[in-house]
Amino acid sequence: MNAIASHKPAPAIPVTQSGVADVVAASKLGLVFNTNDGPVQALSNVDLTIGKGEFVSFIGPSGCGKTTLLRVIADLEKPTSGTIMVNGMTPEQARERRAYGYVFQAAALFPWRTIADNVALPLEIMGISKAERAERIRRTLELVNLAGFEKKYPWQLSGGMQQRASIARALAFDADLLLMDEPFGALDEIVRDHLNQQLLELWARTNKTICFVTHSIPEAVYLSTRIVVMSPRPGRVTDIIDTNLPRERPLDVRESPEFLAIAARVRDGLKAGHSYED
Amino acid sequence: MDSLQSKIVPVGTLLAILVVAWYAFAVMLNGPFQRDLDRRAGETPGQLEFLMRTWSQPKPTLPAPHQVAQNFYKSTFTVKPWSNRSLIYHAWVTLSSTFVGFAFGAALGILIAVGIVHFASLDRSLMPWIITSQTIPILAIAPMVVVVFASIGITGLFPKALISTYLSFFPVAVGMVKGLRSPEVMHLDLMRTYNATRPQVFWKLRVPASLPFLFASMKVAVAASLVGAIVAELPTGAVAGIGAKLLNGAYYSQTIDIWAALVAGSLVAVMLVALVGLAGRITDYAMGGRPA
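Here the protein sequences come in this chain order: A and B.
Anchor point for the first sequence: position 117 equals 134 in the numbering used here, and the numbering is continuous, going up by one each time.
Anchor point for the second sequence: position 259 equals 264 in the numbering used here, and the numbering is continuous, going up by one each time.
Source of the hints: derived by calculation from the structure; they are not laboratory data.
Just so you know, not all the hints are guaranteed correct.
Below, a list of computed lysine to aspartate or glutamate pairs in the EDC-like style, where the Cα atoms sit at most 16 Å apart [claimed, not checked]:
| # | chain 1 | residue 1 | chain 2 | residue 2 |
| --- | --- | --- | --- | --- |
| 1 | A | Lys45 | A | Glu71 |
| 2 | B | Lys224 | B | Glu189 |
| 3 | A | Lys169 | A | Glu159 |
| 4 | A | Lys168 | A | Asp134 |
| 5 | A | Lys95 | B | Asp128 |
| 6 | B | Lys209 | A | Asp134 |
| 7 | B | Lys209 | A | Glu141 |
| 8 | A | Lys147 | A | Asp134 |
| 9 | A | Lys95 | A | Glu113 |
Pair by pair, the computed Cβ-Cβ distance ranges are [stated by the list, open to error]:
| # | chain 1 | residue 1 | chain 2 | residue 2 | range |
| --- | --- | --- | --- | --- | --- |
| 10 | A | Gln215 | B | Leu116 | 42 to 52 Å |
| 11 | B | Ser187 | A | Val57 | 23 to 33 Å |
| 12 | B | Ile141 | A | Gly80 | 46 to 56 Å |
| 13 | A | Glu141 | B | Trp27 | 54 to 64 Å |
| 14 | B | Tyr256 | A | Trp172 | 49 to 59 Å |
| 15 | B | Ser187 | A | Ile207 | 32 to 42 Å |
| 16 | B | Ile136 | A | Gly70 | 21 to 31 Å |
Cβ coordinates follow ideal geometry from the N, Cα and C atoms, glycine included.
With the sequences and hints as input, model every part of the structure.
Written as structure tokens, this is what we have:
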């Protein structure tokens, strides 16, 4: 039971001027991959802070390091320079305390487990009692509108439902931070719109901090409170855009002038990052 | 049963072609000896009579299918199953050492695979030896093993089972190494985000992911186990078992006996492979496998 208790913020948390603890604080972060073709600068000089309750999107062309940055936050990659803190700890400590839930590009459900058992996986690993597991499975599946599908196997569900199940799995152990790596990238536009809406509702209800990697401009603008625009070779942050859209966002907000203005700025940021290639 | 019908027709056709070819070969191979016999007896049988005679010699070079079938039926259903003349008795003797050898072989193979997957040093040190072990012809090593054990008073099931183990651990070890390493990087990353321990990753991810590989390799292993048991029976002085039956038939030129024993052997092999396949299907079903 220690494990669940320990995801609560440790007492010694740095506090920003606004008085809100930083969930992620990166400074001069760099990462060099050593490949067969020599070193590749995947991340260079990334400065970024993410506050509690924010919805931050990372957008950029492939190779810009957006996924790598997410993986560094998750302690799936080690930075080679600079510093990064997650909940005031090193990413490794944060991972050991199960500070975040990670949603991958594919649903990555275990095919031999039912939906309920897939959601139970992290809970089993964290040693949560059976009764408590059942309660959390019920609650999180309800949260992603999958109640009634507990006994189904992943192959019996559509791609969108599978991805929702994987979000439920990431929510099941109540981490305050949700890291999502292009979770809807493999889904069609209609399903994606629907899931975007559901994700916003879920974010509003759970008050989690969400880091969201995407390569879709409308998706980034629609979802985020802040958009981090990145560009490749070397992977770096070229622009950070605060969006001033209301938190309540019906889908047609995407036709509003404010929305289009932000989208245009994101597009400009992406172009600027690319200009040297032409 | 559309799928059953779609199987019966091609399999049946192939079987019919084989039987016809078999009869033709029986005429070709038994013909010279039959002509010799007829000449000495001063007989000149007609074409049809000659064919019939080539298919009913007591010790033919190649027995005709119906001769084998008759012999198989006689020594399976008309004698007591525990008598020395019963194929069921001999099949059982071979089966029991096959089972023991296969059980040990599968267990050993799994153990080796677990070691290889978890310790890089074992991967480097053990694998070359395992591969070398399989390059030694079993026909050369089986008699030595049997003779060595016999000299210290151990005979019967154990040395035979050992040969079966020797043949069956290899496919299981190789299959399980592949199976335990089969989880996708994404699944392994997922377990890492949960800060799962190595035993947790092993039991909750690697083992379930490896099961299809295990059953595929066990199908190969159980057939190899049977071959091991039969080969091990050849030098035991031919007491009992399918191998003993083959050797006896060779001593006394009882070619029909040999073929009947071969049929019994292959039926046992089919049964064993089917049994493992069934166990695999049940496991697959229990693990929520998509119906094919």
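> Cβ-Cβ distance between B/Tyr256 and A/Trp172: within 49 to 59 Å?
Replying inline: For A/Trp172 against B/Tyr256, whose Cβ atoms are near 57 Å apart, the range 49 to 59 Å holds.
> Honestly, do B/Ile141 and A/Gly80 meet the 46 to 56 Å range at C-beta?
Replying inline: 51 Å, holds
>> Check the hint pairing A/Lys45 with A/Glu71 against an upper bound of 16 Å on the C-alpha distance.
In response: With a Cα-Cα distance of about 21 Å, the restraint between A/Lys45 and A/Glu71 is violated, given a limit of 16 Å.
> Given the hint that A/Lys147 pairs with A/Asp134, does the C-alpha gap stay at or below 16 Å?
Replying inline: Holds, at about 11 Å.
>> Taking the Cβ atom of A/Gln215 and the Cβ atom of B/Leu116, is their distance within the range 42 to 52 Å?
In response: This hint holds: roughly 47 Å between Cβ atoms.
> Given the proposed pairing of A/Lys169 with A/Glu159, does the C-alpha separation stay at or below 16 Å?
Replying inline: 15 Å, holds
> Quick one, are A/Lys168 and A/Asp134 close enough, alpha carbons at most 16 Å?
Replying inline: Answer holds: A/Lys168 to A/Asp134 is near 8 Å, not above 16 Å.
> Does B/Lys209 pair with A/Glu141 here, judged by a C-alpha cut-off of 16 Å?
Replying inline: 10 Å, holds
>> Is 23 to 33 Å respected by the C-beta to C-beta distance linking B/Ser187 and A/Val57?
In response: Cβ of B/Ser187 to Cβ of A/Val57: about 28 Å, so the range 23 to 33 Å holds.
> For the pair B/Ile136 and A/Gly70, does the Cβ-Cβ distance stay inside 21 to 31 Å?
Replying inline: 58 Å, violated
> Is the gap between the beta carbons of B/Ser187 and A/Ile207 within 32 to 42 Å?
Replying inline: Because 34 Å falls inside the window, the suggested range holds.
>> Quick check on a hinted range of 54 to 64 Å for A/Glu141 and B/Trp27, using CB atoms only.
In response: At roughly 59 Å between Cβ atoms, B/Trp27 and A/Glu141 fall inside 54 to 64 Å, so the hint holds.
Of the hints listed earlier, those the structure fails to meet are numbers 1, 2, 5 and 16, in rising order.
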